[in-house]
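J.: Residue strings, one per chain:
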Amino acid sequence: AQKITQTQPGMFVQEKEAVTLDCTYDTSDPSYGLFWYKQPSSGEMIFLIYQGSYDQQNATEGRYSLNFQKARKSANLVISASQLGDSAMYFCAMRALIQGAQKLVFGQGTRLTINP
Amino acid sequence: DTEVTQTPKHLVMGMTNKKSLKCEQHMGHRAMYWYKQKAKKPPELMFVYSYEKLSINESVPSRFSPECPNSSLLNLHLHALQPEDSALYLCASSQVRYTRVHTGELFFGEGSRLTVL
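If you read the protein sequences in the order shown, they are chains A and B. Under the numbering used here, the first residue of the first sequence is numbered 1, with each subsequent residue one higher. Under the numbering used here, the first residue of the second sequence is numbered 1, with each subsequent residue one higher.
Hints are computed from structural coordinates only; laboratory data are not their basis. Check the hints yourself; a few may be wrong.
Calculated cross-link-like contacts (lysine to any residue; reagent style SDA-like; alpha-carbon spacing at most 20 Å) [what the hints assert, rightly or not]:
{"id": "1", "chain 1": "A", "residue 1": "K103", "chain 2": "B", "residue 2": "P66"}
{"id": "2", "chain 1": "B", "residue 1": "K41", "chain 2": "A", "residue 2": "I46"}
{"id": "3", "chain 1": "A", "residue 1": "K70", "chain 2": "B", "residue 2": "S71"}
{"id": "4", "chain 1": "B", "residue 1": "K22", "chain 2": "A", "residue 2": "G43"}
{"id": "5", "chain 1": "A", "residue 1": "K103", "chain 2": "B", "residue 2": "P8"}
{"id": "6", "chain 1": "B", "residue 1": "K41", "chain 2": "A", "residue 2": "G43"}
{"id": "7", "chain 1": "B", "residue 1": "K9", "chain 2": "B", "residue 2": "S65"}
{"id": "8", "chain 1": "B", "residue 1": "K40", "chain 2": "A", "residue 2": "L97"}
{"id": "9", "chain 1": "B", "residue 1": "K22", "chain 2": "B", "residue 2": "P8"}
{"id": "10", "chain 1": "A", "residue 1": "K70", "chain 2": "A", "residue 2": "T7"}
{"id": "11", "chain 1": "A", "residue 1": "K103", "chain 2": "B", "residue 2": "G104"}
{"id": "12", "chain 1": "B", "residue 1": "K38", "chain 2": "A", "residue 2": "V105"}
{"id": "13", "chain 1": "A", "residue 1": "K103", "chain 2": "B", "residue 2": "V116"}
{"id": "14", "chain 1": "B", "residue 1": "K22", "chain 2": "B", "residue 2": "Y51"}
{"id": "15", "chain 1": "A", "residue 1": "K103", "chain 2": "B", "residue 2": "E44"}
{"id": "16", "chain 1": "B", "residue 1": "K9", "chain 2": "A", "residue 2": "Y25"}
{"id": "17", "chain 1": "A", "residue 1": "K16", "chain 2": "A", "residue 2": "M89"}
{"id": "18", "chain 1": "A", "residue 1": "K103", "chain 2": "B", "residue 2": "K41"}
{"id": "19", "chain 1": "B", "residue 1": "K22", "chain 2": "A", "residue 2": "S42"}
{"id": "20", "chain 1": "A", "residue 1": "K3", "chain 2": "B", "residue 2": "I56"}
{"id": "21", "chain 1": "B", "residue 1": "K40", "chain 2": "A", "residue 2": "K70"}
{"id": "22", "chain 1": "A", "residue 1": "K103", "chain 2": "B", "residue 2": "Y98"}
{"id": "23", "chain 1": "B", "residue 1": "K38", "chain 2": "B", "residue 2": "V116"}
{"id": "24", "chain 1": "B", "residue 1": "K41", "chain 2": "A", "residue 2": "K70"}
{"id": "25", "chain 1": "B", "residue 1": "K41", "chain 2": "A", "residue 2": "Y25"}
{"id": "26", "chain 1": "A", "residue 1": "K103", "chain 2": "B", "residue 2": "K9"}
{"id": "27", "chain 1": "B", "residue 1": "K38", "chain 2": "B", "residue 2": "G104"}
{"id": "28", "chain 1": "A", "residue 1": "K73", "chain 2": "A", "residue 2": "T7"}
{"id": "29", "chain 1": "A", "residue 1": "K103", "chain 2": "B", "residue 2": "L11"}
{"id": "30", "chain 1": "B", "residue 1": "K22", "chain 2": "B", "residue 2": "L11"}
{"id": "31", "chain 1": "B", "residue 1": "K40", "chain 2": "A", "residue 2": "K16"}
{"id": "32", "chain 1": "A", "residue 1": "K73", "chain 2": "A", "residue 2": "L97"}
{"id": "33", "chain 1": "B", "residue 1": "K41", "chain 2": "A", "residue 2": "K16"}
Computed footprint of chain A on chain B; a stretch qualifies when at least three of its residues, placed anywhere within it, have a C-beta under 8 Å from a C-beta of chain A [unchecked claim]:
{"id": "34", "stretch": "10-20"}
{"id": "35", "stretch": "66-78"}
From the three backbone atoms N, C-alpha and C, an ideal C-beta is built for every residue, glycine too.
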């Protein structure tokens, strides 16, 4: 079974600093996908970035990058030049396939607060 | 703006009421999902529809009844709910197949916040 672990319940960062949110995972599947989502107080889950298990390079999307270390089973999210609007809950998730349908297994989340 | 639309945004109901949550997407996705999220917790999967057929039911109590009338619509019918069912209900959609280019990420709506009295 797939498992996602986020060990940081909360993070506090000064505006314009870089921040790393930790995520470790466990799976026996050779092929898997990892996702990061942002959830502001409005409730919507916003997709940020994706890393496939066979991708040779770390994924990047604007200010977001994913530090993928396959041997350590970690997929940390790095946000560069943090902004006040980055304050939100962040979830790491892994895709699991069940009966041909995909399901996302989420970690417990990290609440990020950006201070001015 | 989200491309997955959920209505209503807020719902208050008594334990004997019957109500429905609605979800609509026009991205051509053939997989649709219901997730339940309690405060300060991650979303938990309830149901998955693939090509309008129920693919996954995560042992959800029968007081929750999903329906997928067509590829764009997903409903969640609620009956005889309990106060502990109060939560944010998130609908999502995705492509059924994914590749290196189309990663199959889920697109979520803003959710329906349900309170059961």
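J.: Determine for every hint whether it applies to the structure shown.
T.: Hints and how they fare:
| no. | hint | in the structure |
| --- | --- | --- |
| 1 | K103(A) <-> P66(B) | 17 Å, holds |
| 2 | K41(B) <-> I46(A) | 16 Å, holds |
| 3 | K70(A) <-> S71(B) | 37 Å, violated |
| 4 | K22(B) <-> G43(A) | 16 Å, holds |
| 5 | K103(A) <-> P8(B) | 25 Å, violated |
| 6 | K41(B) <-> G43(A) | 12 Å, holds |
| 7 | K9(B) <-> S65(B) | 19 Å, holds |
| 8 | K40(B) <-> L97(A) | 26 Å, violated |
| 9 | K22(B) <-> P8(B) | 7 Å, holds |
| 10 | K70(A) <-> T7(A) | 18 Å, holds |
| 11 | K103(A) <-> G104(B) | 11 Å, holds |
| 12 | K38(B) <-> V105(A) | 15 Å, holds |
| 13 | K103(A) <-> V116(B) | 27 Å, violated |
| 14 | K22(B) <-> Y51(B) | 18 Å, holds |
| 15 | K103(A) <-> E44(B) | 10 Å, holds |
| 16 | K9(B) <-> Y25(A) | 33 Å, violated |
| 17 | K16(A) <-> M89(A) | 18 Å, holds |
| 18 | K103(A) <-> K41(B) | 17 Å, holds |
| 19 | K22(B) <-> S42(A) | 18 Å, holds |
| 20 | K3(A) <-> I56(B) | 18 Å, holds |
| 21 | K40(B) <-> K70(A) | 29 Å, violated |
| 22 | K103(A) <-> Y98(B) | 13 Å, holds |
| 23 | K38(B) <-> V116(B) | 13 Å, holds |
| 24 | K41(B) <-> K70(A) | 27 Å, violated |
| 25 | K41(B) <-> Y25(A) | 18 Å, holds |
| 26 | K103(A) <-> K9(B) | 24 Å, violated |
| 27 | K38(B) <-> G104(B) | 25 Å, violated |
| 28 | K73(A) <-> T7(A) | 14 Å, holds |
| 29 | K103(A) <-> L11(B) | 26 Å, violated |
| 30 | K22(B) <-> L11(B) | 12 Å, holds |
| 31 | K40(B) <-> K16(A) | 26 Å, violated |
| 32 | K73(A) <-> L97(A) | 19 Å, holds |
| 33 | K41(B) <-> K16(A) | 28 Å, violated |
| 34 | 10-20 | violated (count 0) |
| 35 | 66-78 | violated (count 0) |
Taken one by one, the earlier hints fail for this structure at numbers 3, 5, 8, 13, 16, 21, 24, 26, 27, 29, 31, 33, 34, 35, listed in ascending order.
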